[in-house]
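Asks: Based on the hints, put chain B in the right spot on chain A.
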Amino acid sequence: GDSVTQMEGPVTLSEEAFLTINCTYTATGYPSLFWYVQYPGEGLQLLLKATKADDKGSNKGFEATYRKETTSFHLEKGSVQVSDSAVYFCALSDQGGNQFYFGTGTSLTVIP
Amino acid sequence: DTGVSQDPRHKITKRGQNVTFRCDPISEHNRLYWYRQTLGQGPEFLTYFQNEAQLEKSRLLSDRFSAERPKGSFSTLEIQRTEQGDSAMYLCASRGLAGETQYFGPGTRLLVL
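Chains A and B supply the protein sequences, listed in that same order.
Note that this note's numbering numbers the first sequence so that position 98 is 98, with each residue one more than the last.
Note that this note's numbering numbers the second sequence so that position 97 is 97, with each residue one more than the last.
The following block holds chain A by itself, in its conformation from the complex (with noise of 0.2 Å):
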């Protein structure tokens, strides 16, 4: 069945440091991908999308890319800011839209 495995955390970054956390799926047919972020105490907000093959999503600073080849959706921000501490979870979309398959999230926590 579709799945998605994400980069295990936590992780810890320095104010301004380059983030990357990988998310690989297995899906049947032409899924969308996502992530998700989710800041303390709160539900899961939409960071941003790609719903075809070699599509960017990009919002705040964040982008990923849809790679049907190596069936990847990696996460990648060039300076990560205090402000981004929080789980983010990349999850995908059957070709219906029906279900949504998360990862485990991945933890961040940027240091001043």
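Keep in mind that a hint or two might mislead.
Unchecked claim - Each pair of labels, with its calculated beta carbon distance range:
#1 82/A / 81/B: 40 to 48 Å
#2 83/B / 22/A: 33 to 41 Å
#3 76/A / 63/B: 29 to 37 Å
#4 54/A / 63/B: 43 to 51 Å
#5 12/B / 56/A: 41 to 49 Å
To be verified - Below 20 Å or equal to it, Euclidean Cα-Cα: the simulated SDA-like pairs (lysine to any residue) are:
#6 56/A / 101/B
#7 57/B / 76/A
#8 52/A / 99/B
#9 68/A / 62/B
#10 11/B / 42/A
#11 57/B / 97/A
#12 57/B / 1/A
#13 52/A / 98/B
#14 57/B / 96/A
#15 52/A / 76/A
#16 57/B / 3/A
#17 60/A / 101/B
#18 56/A / 80/B
#19 60/A / 103/B
#20 57/B / 94/A
#21 52/A / 101/B
#22 14/B / 62/B
#23 11/B / 41/A
#24 57/B / 95/A
#25 56/A / 57/B
#26 57/B / 99/A
#27 52/A / 97/B
#28 11/B / 40/A
#29 57/B / 98/A
#30 52/A / 100/B
Keep in mind that the hints were calculated from the coordinates and are not lab data.
Using N, Cα and C, we set each Cβ at its ideal position, and we do this for glycine too.
Replies: Relative to the frame of chain A, chain B by itself:
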């Protein structure tokens, strides 16, 4: 605020009691989803409604769980005879006709003592 809302935000109950949670989706979103999230894990799909019809249920949704969306707007999730293993965050999400994005509410955190 026109986002997804959930009530209550926190619930503490004793084992064996029944609890009910409510979700109000973004207005005009016809699809509504329930998820369960335990500590250190991603959300796990429980069930999905399109309008008032419950179209899919996960095998995680035991007989003690029931969800309704009677008028195709808000939804309720009831857990009967709660067990300590039911302690988790219960998340609701909604989605419109067009697009794949699900928009999540803040969740209801349940603690069963």
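Asks: Decide, hint by hint, whether the structure agrees.
Replies: Here is what the structure says about each hint:
no. : hint                    : in the structure
1   : 82/A / 81/B: 40 to 48 Å : 44 Å, holds
2   : 83/B / 22/A: 33 to 41 Å : 36 Å, holds
3   : 76/A / 63/B: 29 to 37 Å : 44 Å, violated
4   : 54/A / 63/B: 43 to 51 Å : 45 Å, holds
5   : 12/B / 56/A: 41 to 49 Å : 44 Å, holds
6   : 56/A / 101/B            : 16 Å, holds
7   : 57/B / 76/A             : 34 Å, violated
8   : 52/A / 99/B             : 13 Å, holds
9   : 68/A / 62/B             : 36 Å, violated
10  : 11/B / 42/A             : 16 Å, holds
11  : 57/B / 97/A             : 15 Å, holds
12  : 57/B / 1/A              : 16 Å, holds
13  : 52/A / 98/B             : 16 Å, holds
14  : 57/B / 96/A             : 16 Å, holds
15  : 52/A / 76/A             : 18 Å, holds
16  : 57/B / 3/A              : 18 Å, holds
17  : 60/A / 101/B            : 18 Å, holds
18  : 56/A / 80/B             : 44 Å, violated
19  : 60/A / 103/B            : 18 Å, holds
20  : 57/B / 94/A             : 16 Å, holds
21  : 52/A / 101/B            : 14 Å, holds
22  : 14/B / 62/B             : 19 Å, holds
23  : 11/B / 41/A             : 14 Å, holds
24  : 57/B / 95/A             : 18 Å, holds
25  : 56/A / 57/B             : 32 Å, violated
26  : 57/B / 99/A             : 11 Å, holds
27  : 52/A / 97/B             : 19 Å, holds
28  : 11/B / 40/A             : 18 Å, holds
29  : 57/B / 98/A             : 11 Å, holds
30  : 52/A / 100/B            : 12 Å, holds
Figure legend: structure checked against the earlier numbered hints; hints not met, in rising order: 3, 7, 9, 18 and 25.
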